[in-house]
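Novice: With these hints in hand, go ahead and build the complete structure from the sequences.
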Amino acid sequence: MVEKTPLLDFFTYAFLIIGIFIVGFPIIYSLIAATLPLEDVSRVPMPFIPGDQFLVNMKEAWTRGDLGTQIFNSFVMASGITVGKIAISMIGAFSIVYFDYRFRAAAFASVFCTLMLPVEVRIMPTYEVAANLLGPLQPVWDFLHMDGLISWFAGHDMEVILNWSLLDSYTGLILPLVASATCTFLFRQFFLTVPEELCEAAKMDGASPMMFFRKVLFPLSKTNIAALVVIEFVYGYNQYLWPLLVTTNPKMTTAVIGLQNLIPQADDLPEWNIALGAAVLVMLPPILVVLFMQRWFVKGLIEKEK
Amino acid sequence: MIKRSFFKSSYLPYLLIFPQVIITLTFFYWPALQGLIQSFHLSDPFGIESRFVWFYNYIELFTDPLYLKSILITVVFSMSVASVSLGLGLFLATMANRALKAKPLVRTMLIWPYAVAPAISGIMWLFLLHPSYGIIALGIKRWLGIDWNPVLNGTDAMAMITMAAAWKQISYNFVFFVAGLQAIPKSLIEAAAIDGASPFRRFWTITFPLLSPTFFFLSVMNIIYSFFETFGVIHTVTQGGPGGSTNILVYKVYQDGFVGLNLGSSSAQSVVLMALIIFITFLQFRFVEKKVQYTG
Chain A
1 MVEKTPLLDF FTYAFLIIGI FIVGFPIIYS LIAATLPLED VSRVPMPFIP GDQFLVNMKE
61 AWTRGDLGTQ IFNSFVMASG ITVGKIAISM IGAFSIVYFD YRFRAAAFAS VFCTLMLPVE
121 VRIMPTYEVA ANLLGPLQPV WDFLHMDGLI SWFAGHDMEV ILNWSLLDSY TGLILPLVAS
181 ATCTFLFRQF FLTVPEELCE AAKMDGASPM MFFRKVLFPL SKTNIAALVV IEFVYGYNQY
241 LWPLLVTTNP KMTTAVIGLQ NLIPQADDLP EWNIALGAAV LVMLPPILVV LFMQRWFVKG
301 LIEKEK
Chain B
1 MIKRSFFKSS YLPYLLIFPQ VIITLTFFYW PALQGLIQSF HLSDPFGIES RFVWFYNYIE
61 LFTDPLYLKS ILITVVFSMS VASVSLGLGL FLATMANRAL KAKPLVRTML IWPYAVAPAI
121 SGIMWLFLLH PSYGIIALGI KRWLGIDWNP VLNGTDAMAM ITMAAAWKQI SYNFVFFVAG
181 LQAIPKSLIE AAAIDGASPF RRFWTITFPL LSPTFFFLSV MNIIYSFFET FGVIHTVTQG
241 GPGGSTNILV YKVYQDGFVG LNLGSSSAQS VVLMALIIFI TFLQFRFVEK KVQYTG
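Chains as they are written, first to last, in our numbering: chain A, 1 to 306; chain B, 1 to 296.
Among the clues, some could well be false.
Result set (DSSO-like, lysine-lysine): computed pairs, CA atoms no more than 30 Å apart in a straight line [stated by the list, open to error]: (1) A:Lys299 x B:Lys101; (2) B:Lys101 x B:Lys186; (3) A:Lys222 x A:Lys203; (4) A:Lys222 x B:Lys103; (5) B:Lys69 x B:Lys141; (6) A:Lys222 x A:Lys304; (7) B:Lys8 x A:Lys222; (8) A:Lys251 x A:Lys59; (9) A:Lys299 x A:Lys222; (10) B:Lys186 x A:Lys299; (11) A:Lys215 x A:Lys299; (12) B:Lys103 x A:Lys4; (13) A:Lys203 x A:Lys215; (14) B:Lys186 x A:Lys304; (15) B:Lys101 x A:Lys4; (16) A:Lys215 x B:Lys8; (17) A:Lys215 x A:Lys304; (18) A:Lys299 x B:Lys103; (19) B:Lys8 x A:Lys203; (20) A:Lys304 x B:Lys103; (21) B:Lys186 x A:Lys4; (22) B:Lys186 x B:Lys103.
Read the hints as simulated data drawn from the structure, not as lab findings.
Specialist: Next comes the structure, spelled out in structure tokens:
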């Protein structure tokens with residue numbers, strides 16, 4: 001600091017400790033609640049000393065909420081989104097930066113404009129697409145009178161209805177969320193800062209474009225990839241609206257959504273210890289990822305959104 | 001922009017951009033277009049018959065008192081979430097920036113709530129503010145003498161979801177404010193100190209104005225967050241209730257379309273939201289180009 005301000009320094013630390021406490025309080029409190037038996041957790045106010053029922057509550061939450069399956073689903077969804085997003089946007093950015101072709105600008109603009117179309121503003125129609133991925137092709141099919149053609153081939157009347165549903169499947173959970181304007185933009189910005197000489201040298205040595213991508217660009221992008229992995233994993237794991245729409249089967253739903261069934265309603269036993277135990281368990285994976293990869297997390301967050 | 005030295009290939013660039021384009025077309029543009037078309041149609045709940053009705057859905061929408069109420073609720077909600085989380089985020093970041101010891105530890109302790117899903121944040125705050133079991137609710141009732149009941153009272157329910165949504169966002173703002181504070185040249189602060197400016201004066205006349213780009217950017221991001229990403233909080237905690245008092249626009253789109261099966265109205269609402277986010281994005285980019293410089 002610039003000058004000595006003992007009083008202000010004292011307040012700085014005091015406020016920081018209070019701030020950390022306030023920020024951490026809901027989680028600490030939930031953790032305590034998760035260790036208590038039912039009669040303690042429904043006492044008002046709830047005791048602040050952790051009980052010994054932690055494992056019992058966790059086991060109950062695990063079986064009742066089918067957390068094993070749902071956390072596994074969350075993991076599949078989060079990893080699928082992470083890998084898919086990074087792979088697709090990286091090759092997309094490579095195409096935009098390192099090639100010259102007629103629709104380059106149009107392709108970039110179309111990807112970029114998806115920023116303005118978050119899933120929340122197109123809930124119903126996106127659901128319809130997911131319910132029948134081939135729906136958009138049906139008018140084309142009808143327009144071309146393909147039914148007639150097929151009937152002619154088969155010798156009797158036939159009607160073809162194109163149907164390919166993504167509901168209640170991992171593909172449905174992952175695929176609509178893997179397009180990312182921000183990731184593409186980030187890789188584009190990064191590729192633009194890569195020295196021209198590298199590409200010239202690679203070309204002079206006779207490297208093919210994909211060879212250049214694999215041997216030069218990919219290794220250079222490692223820190224960016226690490227940062228994005230953290231951000232996108234947390235993003236994918238915490239998705240709410242989309243999994244809520246595409247999954248109806250409890251075996252296919254994700255953990256964050258499944259939790260809602262454990263919240264005690266007005267007429268139920270107030271089993272908050274189990275609900276909060278499950279909540280703590282479900283939020284653990286992304287928290288661990290952020291804590292252990294904090295450096296990448298901060299880098300990713302700031303670079304991705306600026 | 002393109003590199004000075006680039007590759008030539010007749011098929012490879014198309015192949016590489018293809019996955020991105022096909023996904024955006026199928027899951028972004030096609031549905032958006034469908035939404036736009038549907039918003040001009042009136043159809044029965046089973047989607048069998050539909051009729052072109054021009055702006056009927058929009059006129060209905062903007063003369064519907066429930067929708068106007070929802071707009072008001074959303075504005076109040078997003079303003080409260082943004083001010084609570086920006087205020088606390090800035091305060092904690094300034095403090096953390098002042099701290100000399102244990103900087104990494106302080107940062108770690110303030111960053112981790114970012115990883116908590118909004119819906120889970122909602123569950124925890126529901127417990128803390130629960131009218132019969134919540135410890136904070138108990139404090140409010142006992143010390144402030146308020147008859148706190150977010151299950152029945154709309155204002156209380158709004159306060160509850162605001163807390164749940166803002167709490168999670170503090171960490172996000174904190175990260176950006178810390179980065180912004182670190183980018184401010186030390187020499188400016190030192191020069192002001194030599195001229196005898198007190199720490200508070202320095203904050204308001206140097207630090208805060210230099211942080212204003214970050215502040216603007218974060219305001220936009222917080223408003224977008226509270227408009228769209230807080231869906232999980234509403235769905236787990238209040239489901240728009242009691243009596244529609246927490247029925248923000250995004251939740252209303254879901255309810256009218258998915259639960260109420262009123263496709264025309266739901267699509268019209270989607271289009272309104274789309275227009276809104278396009279407006280916000282343009283605003284952001286105009287401003288970003290003119291004024292904001294990030295150094296990293």
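Novice: Could you tell me which of the numbered hints above are not met by this structure, giving the numbers in increasing order?
Specialist: Going through the list in order, the structure violates no hint and respects every one.
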